[in-house]
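Chemist: Protein sequence lines, in the order shown, are assigned to chains A and B.
Per our numbering, the first sequence starts with residue 1, numbered consecutively.
Per our numbering, the second sequence starts with residue 1, numbered consecutively.
Nothing false has been slipped in among the hints.
From the structure, some residues in chain A lie toward chain B, with a derived Cβ separation under 7 Å:
#, residue
1, Leu161
2, Met164
3, Lys165
4, Arg170
5, Ile175
6, Pro222
7, His223
8, Val226
Label pairs and their in silico Cβ distance ranges:
#, chain 1, residue 1, chain 2, residue 2, range
9, B, Asp54, A, Lys213, 31 to 41 Å
10, A, Glu72, B, Leu2, 50 to 60 Å
11, A, Gly47, B, Glu43, 43 to 53 Å
12, B, Lys15, A, Ala171, 16 to 26 Å
13, A, Gly47, B, Thr21, 40 to 50 Å
14, A, Leu120, B, Lys3, 45 to 55 Å
15, A, His67, B, Glu7, 44 to 54 Å
Honestly, the hints are just simulated from the structure, not real lab data.
Glycine residues also receive a C-beta, built at the ideal position from the N, C-alpha and C atoms.
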Amino acid sequence: MILNAIIEDSFGQSDFLSGIAELHATDILNRGNRIRLKSGQILFQQGDPAHKSFLVLNGRLKLIKLHEEGKEAILRYIGPGEMTAIISVFKEKEYPATAETIGITEAVGWDKQTMVQLMLDYPPLTVNMLRCTINRLDELQNRYLENCTEQVEQRISRALLRIMKQSGRRAEDGIHIDFPLSRQELADYTGTTVYTVSRILSTWEKKGWIKSKREQIIICDPHSLVLFSEHP
Amino acid sequence: MLKIDPETTIQELLKQHPCATVMFIARRMLCVGCPAQAFHTLEEVARIHGSTIDDLCAAIRDAISK
Numbered sequence: 001m002i003l004n005a006i007i008e009d010s011f012g013q014s015d016f017l018s019g020i021a022e023l024h025a026t027d028i029l030n031r032g033n034r035i036r037l038k039s040g041q042i043l044f045q046q047g048d049p050a051h052k053s054f055l056v057l058n059g060r061l062k063l064i065k066l067h068e069e070g071k072e073a074i075l076r077y078i079g080p081g082e083m084t085a086i087i088s089v090f091k092e093k094e095y096p097a098t099a100e101t102i103g104i105t106e107a108v109g110w111d112k113q114t115m116v117q118l119m120l121d122y123p124p125l126t127v128n129m130l131r132c133t134i135n136r137l138d139e140l141q142n143r144y145l146e147n148c149t150e151q152v153e154q155r156i157s158r159a160l161l162r163i164m165k166q167s168g169r170r171a172e173d174g175i176h177i178d179f180p181l182s183r184q185e186l187a188d189y190t191g192t193t194v195y196t197v198s199r200i201l202s203t204w205e206k207k208g209w210i211k212s213k214r215e216q217i218i219i220c221d222p223h224s225l226v227l228f229s230e231h232p
Numbered sequence: 001m002l003k004i005d006p007e008t009t010i011q012e013l014l015k016q017h018p019c020a021t022v023m024f025i026a027r028r029m030l031c032v033g034c035p036a037q038a039f040h041t042l043e044e045v046a047r048i049h050g051s052t053i054d055d056l057c058a059a060i061r062d063a064i065s066k
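Please take these sequences and the hints and turn them into a complete structure.
Modeler: Structure (structure tokens):
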């Protein structure tokens, strides 16, 4: 069955489906709606009523929040095996951000009623969703503290390391961040300007910590970057 | 003697042998919880932290046997 292949390929280690038998996982996925989007398409728009939560099967989503004066903040990237819009659907509110695809993206969406029923049918799913939500909260708390208390260089180094951990791919010359990430996006993600990001990335490139061409960032020396982010 | 593959990543090692954590901490190595855990091999980590791979493997074996 194609669905099983997707489960295997995309996320043998998916947190969302961890500890759930394949038969049940298939049922969970089948009770949602599959959607396939091209690169740069919008899965949901900030401000629209939040009817569905989504699990990314493959591809990636960028969550963008627009604030006053039209500035964009990138809240998070959602990769294969990760969920989004759980809170807004449960709270029956609007989507707090816009989800845009990076590369061809396949996802499954469930409405609130179906999700609640699935959680009753499969208690391990509920545990997994709770764990995911707690991890997200933890990450947000840390990032908030970083924003308030830390220098911008540390914020950027931690952001890069976070993204590397989530979407890194090992290669000869270092760990590649496996999707196009522009300086503007990095600035939006860390709450600073593209000028600051460019200046800092250039410094790190001279030190040999990273390599960056166009929108591709390669972490050549993660150890130095980690030391830098821990000890300013 | 327990065979330790220098090409093992830190993540794999800690999954197989959680007790090795103590060794990293005692040696003041930042590997536990490091974002590069899934990518760095024992060989690389030894080099980065200024020891030899044999030295590191011996320390790991020692921690596992306790």
